[in-house]
Amino acid sequence: MEIFVYRNGASAVEENFSAADLPELLADKKNLVWVDLLGETDEQLAEIKSVLLNVFKFHPLTVEDTLETRNQPKVEAFPDYLYFIVHGIKPEETSSANFLTKELDGYLGDNYVVTFHDERFKSIKAVKHQIRTSTFACRRGAAYLLHQILDQIVDLYMPVLDDFDSSITELEDRVFALKKGDDAILEEIMDLRRSVTRLKRISARQLDVLYRISHGEFPQIPENLLPFYRDVHDHLQRISDLSENYRDLVAGLFDIHFSVVANKTNDIIKFLTIFSAIWLPLSFMAGVYGMNFENMPELKTRNGYFFVLGSMVLVAISLLVYFWRKGWILQGSDKKSDE
Amino acid sequence: MEIFVYRNGASAVEENFSAADLPELLADKKNLVWVDLLGETDEQLAEIKSVLLNVFKFHPLTVEDTLETRNQPKVEAFPDYLYFIVHGIKPEETSSANFLTKELDGYLGDNYVVTFHDERFKSIKAVKHQIRTSTFACRRGAAYLLHQILDQIVDLYMPVLDDFDSSITELEDRVFALKKGDDAILEEIMDLRRSVTRLKRISARQLDVLYRISHGEFPQIPENLLPFYRDVHDHLQRISDLSENYRDLVAGLFDIHFSVVANKTNDIIKFLTIFSAIWLPLSFMAGVYGMNFENMPELKTRNGYFFVLGSMVLVAISLLVYFWRKGWILQGSDKKSDE
Amino acid sequence: MEIFVYRNGASAVEENFSAADLPELLADKKNLVWVDLLGETDEQLAEIKSVLLNVFKFHPLTVEDTLETRNQPKVEAFPDYLYFIVHGIKPEETSSANFLTKELDGYLGDNYVVTFHDERFKSIKAVKHQIRTSTFACRRGAAYLLHQILDQIVDLYMPVLDDFDSSITELEDRVFALKKGDDAILEEIMDLRRSVTRLKRISARQLDVLYRISHGEFPQIPENLLPFYRDVHDHLQRISDLSENYRDLVAGLFDIHFSVVANKTNDIIKFLTIFSAIWLPLSFMAGVYGMNFENMPELKTRNGYFFVLGSMVLVAISLLVYFWRKGWILQGSDKKSDE
Amino acid sequence: MEIFVYRNGASAVEENFSAADLPELLADKKNLVWVDLLGETDEQLAEIKSVLLNVFKFHPLTVEDTLETRNQPKVEAFPDYLYFIVHGIKPEETSSANFLTKELDGYLGDNYVVTFHDERFKSIKAVKHQIRTSTFACRRGAAYLLHQILDQIVDLYMPVLDDFDSSITELEDRVFALKKGDDAILEEIMDLRRSVTRLKRISARQLDVLYRISHGEFPQIPENLLPFYRDVHDHLQRISDLSENYRDLVAGLFDIHFSVVANKTNDIIKFLTIFSAIWLPLSFMAGVYGMNFENMPELKTRNGYFFVLGSMVLVAISLLVYFWRKGWILQGSDKKSDE
Amino acid sequence: MEIFVYRNGASAVEENFSAADLPELLADKKNLVWVDLLGETDEQLAEIKSVLLNVFKFHPLTVEDTLETRNQPKVEAFPDYLYFIVHGIKPEETSSANFLTKELDGYLGDNYVVTFHDERFKSIKAVKHQIRTSTFACRRGAAYLLHQILDQIVDLYMPVLDDFDSSITELEDRVFALKKGDDAILEEIMDLRRSVTRLKRISARQLDVLYRISHGEFPQIPENLLPFYRDVHDHLQRISDLSENYRDLVAGLFDIHFSVVANKTNDIIKFLTIFSAIWLPLSFMAGVYGMNFENMPELKTRNGYFFVLGSMVLVAISLLVYFWRKGWILQGSDKKSDE
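Chains as they are written, first to last, in our numbering: chain W, 1 to 339; chain L, 1 to 339; chain P, 1 to 339; chain E, 1 to 339; chain G, 1 to 339.
What the hints contain is simulated information worked out from the structure, not anything from laboratory work. Some hints here could point you the wrong way.
Which copy is meant is left open, because identical chains are indistinguishable; a pair holds if it fits in one copy or across any two.
In silico DMTMM-like pairs for lysine to aspartate or glutamate, Cα to Cα no more than 25 Å straight-line [unchecked claim]:
#1 K30 <-> E92
#2 K326 <-> D65
#3 K200 <-> D231
#4 K125 <-> E217
#5 K326 <-> D173
#6 K200 <-> D162
#7 K74 <-> D231
#8 K326 <-> E170
#9 K200 <-> D255
#10 K326 <-> E187
#11 K326 <-> D183
#12 K57 <-> D80
#13 K90 <-> E223
#14 K74 <-> D241
#15 K57 <-> D234
#16 K49 <-> D155
#17 K90 <-> D165
#18 K200 <-> E244
#19 K90 <-> D241
#20 K300 <-> E76
#21 K326 <-> E172
#22 K49 <-> D162
#23 K102 <-> D155
#24 K57 <-> D231
#25 K128 <-> E2
#26 K30 <-> E188
#27 K102 <-> D183
#28 K49 <-> D234
Turn these sequences into a full structure, and let the hints guide you.
And the structure:
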């Protein structure tokens, strides 16, 4: 539990308070108090629960929701405060095409912001750094401080999207370069599809939360700060649009993969057909003169053998020309697409 | 018919009443009465019908709806009471990828809750156990008791979703491990698709019911209990989102299955082509020297036979190298995807 | 033209009136008059037109709409009456997966119901039977009588849906049992798809009509009868949901059919490949020893022939083992899916 | 420029006025004036522009829109008049599955209707014929005259839809009768798809225009004429629904085509497989006895040759029986689907 | 920074002002001031930032948005001015099926328009040329001047759409002419798909901006100018509809490509099958008479050889006739689709 207090007009935020100091700090309406709660262990969770219920007197249901994870983004208004859940995302370390969501629960009151998370947030850390170096954000009050936090969270969506972008491009290249129908590529497309769908969904709900916050629905957000929230909303809108875009592209990857495989199969069958079409008649010709009839005049002629060999070459060339005119061989693109 | 009565301020709920006691119990507005009706046999149904019509004087049409099953979730307001239909689900015993729906009809009045079902409900049983051990829920009135029942019903959706999750993962693994195009896997995908679609649909209607209940549309739900209903709504929202997610994934299974089969077919045809391409020319060469021309100089040479055998090996090797350079053989992934 | 009159308080409906009696009957506001018009012949149509225009004085455009078929379901309010078009459906006799729509036009006034149809309606017949045996429905007034008619019409949708259900199940079985790519099954899937799409569309428009009627938009429907109309609406909602469901399933049939065919093709090509892969090398071996070189030492050895035969068996067995280990033969499912 | 004037109470419309007469004609509010403008040449367009701007004093932007084509259907209200654009369609002469759109721009004032088009309209011609033979439509005022025009335009959509209907049926038959994968059919499906999509889009916008006109949004349309406009709206609704229907069916054609081709390919590969499976072993047998080993006891037996021939027949029959039992040959449907 | 000033009643716009003149120019409410800002270098950006913040005193957030690119189209109202972002597009030089977006930010005040862009805009240049030659647009005030700019931007969408049109047609032709499954065509379809999707998305957001501007939501736009904005909106609507249309067509290209490849594969396999079906039995026949049995009576007959050759021709012809009757060869379309 980290507590930051900005006393009106002070030149720096104060830190190092404990839960016991909170009632007094909150009582002075001119203070801005930010309580950042990190609930990793059971003891921490127990203490946090008691603070939320007894010091802040938040609704028991919201406290319950706060402490458990796996909630959807939402925002709910209570007479004295606003309860919100937002999701941050971070790239998964093992796979570039995947990401993890992290839940941030919080409360916004007249002169305080409470944030709760059960793992470290890069964006929370950034805001802490910021208020330690400048009191600018604090001077503008609790709603502005919250805006800073949300802004940081939304900004960190971008690197994940950039990862998607390069994953899609890379997969597309690999689909076209497809060597032997390998299933690994399909698994990756499937994974990416799943990630992008998830991102779309998460940002959609988040967007809803920010839309409601930024359009003056809640009295806790002063009107002069609405443009700032609208700005976060617009950023998220862009992210949502991009992830919709990526969803389309990933869906398209399946189509391409399928078409590329169909093309390859077509090429292979063409190869097989040409091959068979040339050797089968030649073998037949050889077979004919391998028959053991007593009366086969050609066999006795002097140059019969050479004549037959010549005919075979002729047949082979005719067939090759036929296929070439049909557009099945050579003519440039065969090489390109097969080798 | 089980009747639970909580008299205001009492330390425990009373049970073992009969239908005949109901008018008196209901008349005292300070009592909270829960009538749980199980209609399995025709006699039970007849008695239930008479109680609903004569004791509670519910609208004849709602009573008719109550007694027949196969209704959609809905909620309808009448001057004195709220009529609702919700669906519980339970996994089917024989198949992990399937589930059964169970209909729960009910009425919520000022001081009573009536529930009707034609088979046992695990969630109803849980709430009964709860009010027998603690009067906490009863002290908060009829609407809160109903909230407890709905909460339990919605919580029991989760195990079914978890089943889906593992079914999808398992099917995906099997699709990729596909040995010989087996149709069994297709049947399972189809079954799952059907189940997930059903779940999506059911939860959509249910969501609608809970949205209306939890947004203050009905005076029967006191305003201070709305957050509790919103909580159930949010849980259901999450379930609905997840089932939407699963629907996407199951739809994707078809795409993958198809692509995997196309890949396999491609591999097989490649195999066939390579095989034919190697043996056909060799057979032709053998055929040539099997011809019976009298004048075939090679036949008389001393090492003609061995020379021809050597040429055959050479041709075979050249072709293998050709295919290897084309990327059709070896190079690692062939093994992986076929064996 | 059949006219049913229920005089207030009477114990039975009266029949056998003619068009000439209508003005008098309608003038007494305490009568309930139901005029059921069957317009099969041109004379009937002419008489009906005159009655609608001169006796009831309905708007000329609605009369025109009434007499021509091929209208969409709709409901339109006029100061004194409500004009509605609904569609009944009946299974087509020749094909279980198809249905015909029948249009019912009608007017609802304060004390009368007018229904027009150009072919016999099973549901109209049922309501006639009902009011002949009991005056219950008539006592509740014109709007209730109309409710009875609509209820019967909607109830008769159900058998068509049941037909769909069994058609889909049967088709699914046949798709999986697919013997030789037969197109007949595709034609049936296409037919069913068309029927289900039509049903979806019809019920959607109908739903719209019933929604408007059942939500108090029209003063012609007394408020105490709204629950009855809502009930019809709910039934139709269920039908609409089911037909949506069937649409999904039928769309899925194409996917399965396609996948099953792909599986079969894969199996066949596998068979061809195995066959070729075994016989081609064997034939080559026979070809080698069919060459006519003078100096082929093996030919002179005593057991050369038997040795070669043995090698051939060995090669064949090795190849079979190879394919078996690749998972291309035996291992159970091959039999199952092909025979 | 054709001007029709109906003076109140007159028994016929008057014609043969020129642009110069317009101010006077329009000044008398009891006249109904219809100005039909055909702008084919540049001179006509110049004159029309001047009339619209100087005589009628329409907003310059609407005049600009009027004179250029390629606008969307729309309706816009100005204080004194209504400006509308609707699209008529006519079948293209060269192809039954295609149609052309024609734009009709117009203005509706208190006592006048102005219509502009840059090619001849069959429906305009029909209305002219109608008002020349009967003053009925004119007596009902400008809004009713406009209704007549719109009604005619919408009615002429129907033949195009009927063309679609027969095109789809014909294409479906041809898809099933598919002989040699011919691409011509694909081009036609694609063309039809494009046409139907276009029709859907056009009727959707048009529907919007008529919905707004027919629901009392504009004071230029007297309330007693609204049912007439609603009637046109309903017709268009039906057309829009039908074209939606056709869109589904055409989209389905691709699925069927694809499935039919897959079926055919499957049949062909089956044929190839059976053929190869029979001849390959027989050829091998012949090859064995064509070997030149000195010690091949069978070659010397008296009936060896006949015995081998018999074995060959036996092998062939066994294989045929095997394939027949596998369901790959005969059994009726093979014939049907291939010949 | 280019500043254009139109003093009320003047006969020409004045230019060549600097940032320092702005406060004075803006103070006179009868002047119309257009400040066009081109921010290519860092110095320019710094100066622009200072002008926007200090001279115009725009909200700091909007100034931040203005200076950074990659924003979505939007419009936001502030008490004294309107802030908007719109996107222009221009075809990419290297590829006809691609386009670049250019962001234009701007502010509309009572007597001024501010536009900002970080690269040259063809449409801005056109408007500058226009106001230099005629003061018509300036006389109508700031909102009209803005309308001119937007109109030019939207007009320049059209050439990009025309490029799409020809790209689609060309791709369609190439898909049908498909020679050897070449992947290049798939890459182009994919590129086009991406471009069209982007255009759809951009025009959708833009449409939203113009809808809000043109429907009287903002007091900065005088009511008499709304028709002009509605006109721009209608143009954009048409573009949006067209791009939706193109999206459908491009999606269709995949279907066709796939079907065409399937057709080709079918043709090739048919060819292979016919070829094999003819040569395999002939080779077998030759093989039979190549056997070395001592007792093969046919071998000794005089015309055995010629009789066998004749039989071979007969078998070949019979098979050809069989395939011809099956519809697999000749009959016209084979030639057409393969060569």
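Results for each hint:
no. : hint          : in the structure
1   : K30 <-> E92   : neither (42 Å within a copy, 57 Å between copies)
2   : K326 <-> D65  : neither (70 Å within a copy, 53 Å between copies)
3   : K200 <-> D231 : both (19 Å within a copy, 23 Å between copies)
4   : K125 <-> E217 : neither (29 Å within a copy, 41 Å between copies)
5   : K326 <-> D173 : between (30 Å within a copy, 18 Å between copies)
6   : K200 <-> D162 : both (15 Å within a copy, 22 Å between copies)
7   : K74 <-> D231  : both (19 Å within a copy, 11 Å between copies)
8   : K326 <-> E170 : between (35 Å within a copy, 22 Å between copies)
9   : K200 <-> D255 : both (21 Å within a copy, 21 Å between copies)
10  : K326 <-> E187 : between (38 Å within a copy, 21 Å between copies)
11  : K326 <-> D183 : between (33 Å within a copy, 16 Å between copies)
12  : K57 <-> D80   : within (10 Å within a copy, 35 Å between copies)
13  : K90 <-> E223  : neither (32 Å within a copy, 39 Å between copies)
14  : K74 <-> D241  : both (20 Å within a copy, 14 Å between copies)
15  : K57 <-> D234  : between (34 Å within a copy, 22 Å between copies)
16  : K49 <-> D155  : between (30 Å within a copy, 23 Å between copies)
17  : K90 <-> D165  : both (15 Å within a copy, 23 Å between copies)
18  : K200 <-> E244 : both (6 Å within a copy, 13 Å between copies)
19  : K90 <-> D241  : both (19 Å within a copy, 21 Å between copies)
20  : K300 <-> E76  : neither (103 Å within a copy, 98 Å between copies)
21  : K326 <-> E172 : between (31 Å within a copy, 21 Å between copies)
22  : K49 <-> D162  : neither (38 Å within a copy, 29 Å between copies)
23  : K102 <-> D155 : both (14 Å within a copy, 23 Å between copies)
24  : K57 <-> D231  : between (32 Å within a copy, 18 Å between copies)
25  : K128 <-> E2   : within (10 Å within a copy, 43 Å between copies)
26  : K30 <-> E188  : neither (54 Å within a copy, 63 Å between copies)
27  : K102 <-> D183 : neither (31 Å within a copy, 40 Å between copies)
28  : K49 <-> D234  : between (34 Å within a copy, 21 Å between copies)
The structure fails to meet hints 1, 2, 4, 13, 20, 22, 26, 27 from the earlier list, while all remaining hints are met.
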